[in-house]
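**Student:** Protein sequences appear in the order of chains A and B.
Our numbering puts the first residue of the first sequence at 1, with every later residue one more than the last.
Our numbering puts the first residue of the second sequence at 349, with every later residue one more than the last.
No lab work stands behind these hints: they were computed from the structure.
Heads up, a few of these hints could be off.
Unchecked claim - Which residues of chain B face chain A? A partial, calculated answer using Cβ under 7 Å:
1. Ile415
2. Met452
3. Met577
As the list claims (entries may be wrong) - Derived DSSO-like pairs: lysine-lysine, alpha-carbon spacing no greater than 27 Å straight-line:
4. B:Lys524 x A:Lys124
5. B:Lys638 x A:Lys124
6. B:Lys511 x B:Lys524
7. A:Lys124 x B:Lys378
The beta carbon of each residue, even a glycine, is placed where N, CA and C say it ideally should be.
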Amino acid sequence: MLPAGTFNETYGQDTAVIRTPLQWLMTILGCIFLLAVPLFAGYYVTYLINYVAITIIAVMGLQFVMGYCGLVSFGQVAFMAVGAYSSSILTISYGWPFWASLPASGLIAGLIGILGGSPALRIKGFYLALATLAIHYIVIWLVMELEITGGSTGLHPPSPTLGNFVLNTDGRMYYIIVPTMIVMTYFAKNLTRSRVGRAFVVIRDNDLAAGAIGINIFFYKLLAFFIACFYAGIAGSLYAHWVQVVHPDQFLLTESLFFVGMLIIGGLGSIVGVFFGSILVRLLNEGVLFAVPALGAAFPALPSHPAASISVSIFALIIILFLIFEPRGLAHRWEIFKASYRLYPFSY
Amino acid sequence: MGIFLDLSLNGLFNGALYALVAIAIVLVFKATQVVSLAHGQLLSFGALFFWFTYVAFGLPLWLSLLIALVCGGLLGFTVERLCLRPLIGQPLFSSFLMTFAIFMFFDGIFQLILKGQALGFPDFLPKGIIAVNSTKIFVGNLWSFGICLGVFLLIMLVFKYTKVGLGMRATAESHKLAQSAGISVRRIFSLTWIMSACIAVIAGITLARVMDICFYLPWGMIKGFIVAMVGGLDSLIGAVVAGLLLGWLEGMIAGYVDPFIGGAIKDVAAYVILLIILLVRPYGLFGLVKIERV
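Required output: the full structure, derived from the provided sequences and hints.
**Tutor:** Shown next, in the form of C-alpha cells:
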C-alpha cells in the first residue's frame, strides 16, 4: 500500500523496496541509530540486542522453509549447532580467520540442511515435521559422540580479530552481528519478491498446482531447506564467536519450538513478522526473568527457580491466544495499522 | 540364547507402552485429523493425578484409578473445547501448532509441580517373577502388557460394533458427509478427545510405573509419536505392530550394538528407523496411502 498521493510511474519505482524520500530518511536514521546504540546504551541492552539479532537471523531462515514454502521444520536449532560447530572447528583446528569461517559455516550448514531436508522430497506435513525432529536428535547425538566436536566438554572458539583489534566484548561484536542481520534481512526481503520466493509461495499454497505450472518442486523444496539452514549456520557461527563457548546443551529442542512459536506470533509468510515475533518473545522471556524473583518473594510456595517453567507457560499461552484470535500474527496487524496512516486523510 | 530372549521380552514390554501412547494419538487423528502433541502432557498429568490420589492421599487403587481417569478425561475435554474447537475450518497445520502450544503450556505447569525433583511412583501391579528355564519374566510387566492389549481390543470393539465407533469412523472419512448424515461431529470430537485422554492416562500411569514421574515423562510421547508415524497415523493395528517392533528393535540394539560401538546408539536408533521407514513408505507401514501425481 503506497502512501496517499504517491504513484508508480516507472518500472524502477514499482520494484523499489524503499519508495518515498520520507522512507529513505527513516531508513537511514534508523540504521544510524541502530549502529550508535552501543555508544550510549549499557552492557545489558547491547547484550540483549545481540541476542535478539542472532535469533532474528535464525528465525528468518525458518520463515523461508515454514512461512514461505510451507514445510514444517523443528530442526532449525540443530542446524544452528552445525553452523556453530563447523565455525569453531574451522577456526580452532584449521586456523581459519573468522571472516572466512562465517560464510563457510553457513554453506556447510546449508549443505547438511539439503541432506536433512531430503525427506521432504517424499513426505509431507506432519510426517515431515517428525522427520525434522528426528534429524534434530541425530545431529545433537552426533555432536555428543564425535571426537572433533569435543563431545560434552564443548569447544571454545576464539574472538574474531580485525588486524590487531580483537572483537571480544558485546559492544564490539555488536558491529558484526547487527550489520550481518541487516544484510541478511535485505537479502531475504528481496528473495521473497523474486521468482524463487513466488515459487515457494505456490508450493506452500498448492504443490500440485505448482507442479502443473512447471515449477520444479524438488529443486525449490531443497532450495528452501538450503536457505533456511544457511541462515541457521550464519546465526550459529555468530553465536559461537560471540559467547565463545559451544556446547550441546545450548542447542535444545525447546529452542527450535520457541523459533516456531516466534514465527506464529510474528506472522507466517512475512519478513517483518520475524522481527515482531523474535523481539516480543525474547523481551517477554527477559521480563519473566525479572518478574519471577518478585513473584517468588510474594509466594514462597513456588520452587526456587521457576523462571524457566513460567516463561514457557506464558509463551505457550500467548501462542494459543494468537492461534485463536489472530492466526495471521502481528505482521497482519502491522499491515492494517500501516494502511490506516498511509491512507490518512482518505480512509476509504 | 537366554540373553536374546531376555532382551526380546524387555523390548516387547517397552514396545507395548509405546503402542499405548501411539493408540491415543492415532485415535485422535482418525476422528479429527489432528496430530496431537498435547498427549504428552495428558499422560504426564494422568500420572500426576494418580500419584496425588494413590500416594499422597492413600486412596484405594480402584478409586484413585477412577479419579485419575475422570480428571484426565475432563482435561482432554477442556483442551478440545477451549483450544481446538475454535480452530475447526482452519488449516490443519494450525491445529498441530495448537497442540504443540498446549504441550508447552502444561509442560511449564508440570515442571512447576515437580520442582526439579522426581516423584517416586509405587509399583502397584502384582509383583513376582515367573522363571522359564533361565529367562525371568516380571509379572508386573506382563500385566502392563496385558493392559495394553486389553485397551487395544476394547478400542477395536468400540470402533467396530458401537454406534459411537461408527460415528467416529464416518467422521474420519469426511466431516461434511458425517454432518449431513445426522452425526453430531462436535459431539464425536469431544468423545474422541475424552476417550483418547483416558487412554493417555492409562499409558501415563504404566509409563510412570517404569520411569517414575520425572521431568522427562511428557517426552515419552515422542516415542509414541514415532510409533504412530511408523505404523501409519490412521491405523490402530499399525500402532500396536510398530510399537512392539520398535521396542524389540531398541532392545536388540541396546543389547547387541551398543556394547561394541559405544555411545548410546539406542537413544537415536528410533529416529533413524523412523527416517528409513518414512523414506520407503511415506505413509507408514499400515497407513492409508494417498495417491497424488503431477
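**Student:** Each hint should be assessed against the structure and marked as holding or not.
**Tutor:** Status of each hint after checking the structure:
| no. | hint | in the structure |
| --- | --- | --- |
| 1 | Ile415 | violated, 24 Å |
| 2 | Met452 | holds, 4 Å |
| 3 | Met577 | holds, 5 Å |
| 4 | B:Lys524 x A:Lys124 | holds, 24 Å |
| 5 | B:Lys638 x A:Lys124 | holds, 11 Å |
| 6 | B:Lys511 x B:Lys524 | holds, 18 Å |
| 7 | A:Lys124 x B:Lys378 | holds, 18 Å |
Hint 1 from the list above is the single one not met by this structure.
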